[in-house]
Amino acid sequence: MFRSACLVTISFYSVLQAANAAQASAPAIFHITPSRPVPELMEQALKATPPAPTAQEKKPDLVDLASLSPDFHFDVRYATDRNFIGYPVYSSSHAYMERPAAQALVRVQKALHAQGYGLLVYDAYRPWYVTKLFWDATPPDRHQFVADPAAGSMHNRGCAVDLTLYDLKSGQAVPMPSGYDEMTPRAYADYTGGTKSERENREILHKAMAREGFTQLPEEWWHFDYKDWRDYPVQNIRFEDIASSEPHAGHPASR
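Letter by letter, the sequence shown follows residues -21 to -1, 1 to 234 of mature numbering (1 follows the signal peptide of the UniProt record, and there is no 0).
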């Protein structure tokens, strides 16, 4: 009995140590000091007017990524305060994309599974008012890391996704040269620093995404634009409005 209790205790502490080690190795959340209080910026952004759509753009068809594959993992940080402005800007942790882009991402996921990886999604469709908020909150010397709301972003069109790889065996995100949303040269897609393993992981992600028509943003290794982004308008639909029009859409858990 004593031996069994000891084994249980040792097993518990082994699991605890592994969890603590994983947490310690995870990159710290990058933060900026917003130019003004975020609630004030949010109020201003919600009142602003996004760029007008053009006649040739397609009707949006946003789909919840969680409804297409159970293998996607999610860490939608903009629904929490674990992001670069330290304030939640989404009402839920959904990740939406235009249907062709979402279907392409499912194909990326399937191809990566054969290599022992899955996709961990940080962000996808982003309402235009959030893009404006980010621009207004960010110091001008870091504006290369955020989209100009005057033109809108690929995220606003439902054709961009922020993501990384996770290891199928551990379920943990793999090491990359920088943390997500880190506004430093380490985030650049051609950054030569970091470890060899980190750079190899970045390249595995890049190649898998490129094969399905996604282009990596030079300033952000995690950001990919789908090839057909020009077909879709800049959108300013709030998450709660998308969810209310899709009563059967599942709610992705953070994994």
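No lab work stands behind these hints, which were simulated from the structure alone. Where hints are given, some of them may not hold.
The calculated PhoX-like cross-link candidates involving lysine-lysine, where the alpha carbons are at most 20 Å apart (straight line), are [claimed, not checked]: (1) 206 - 38; (2) 186 - 175; (3) 89 - 186.
We went through each hint and held it up to the structure:
no., hint, in the structure
1, 206 - 38, "17 Å, holds"
2, 186 - 175, "16 Å, holds"
3, 89 - 186, "14 Å, holds"
In summary, this structure violates none of the numbered hints.
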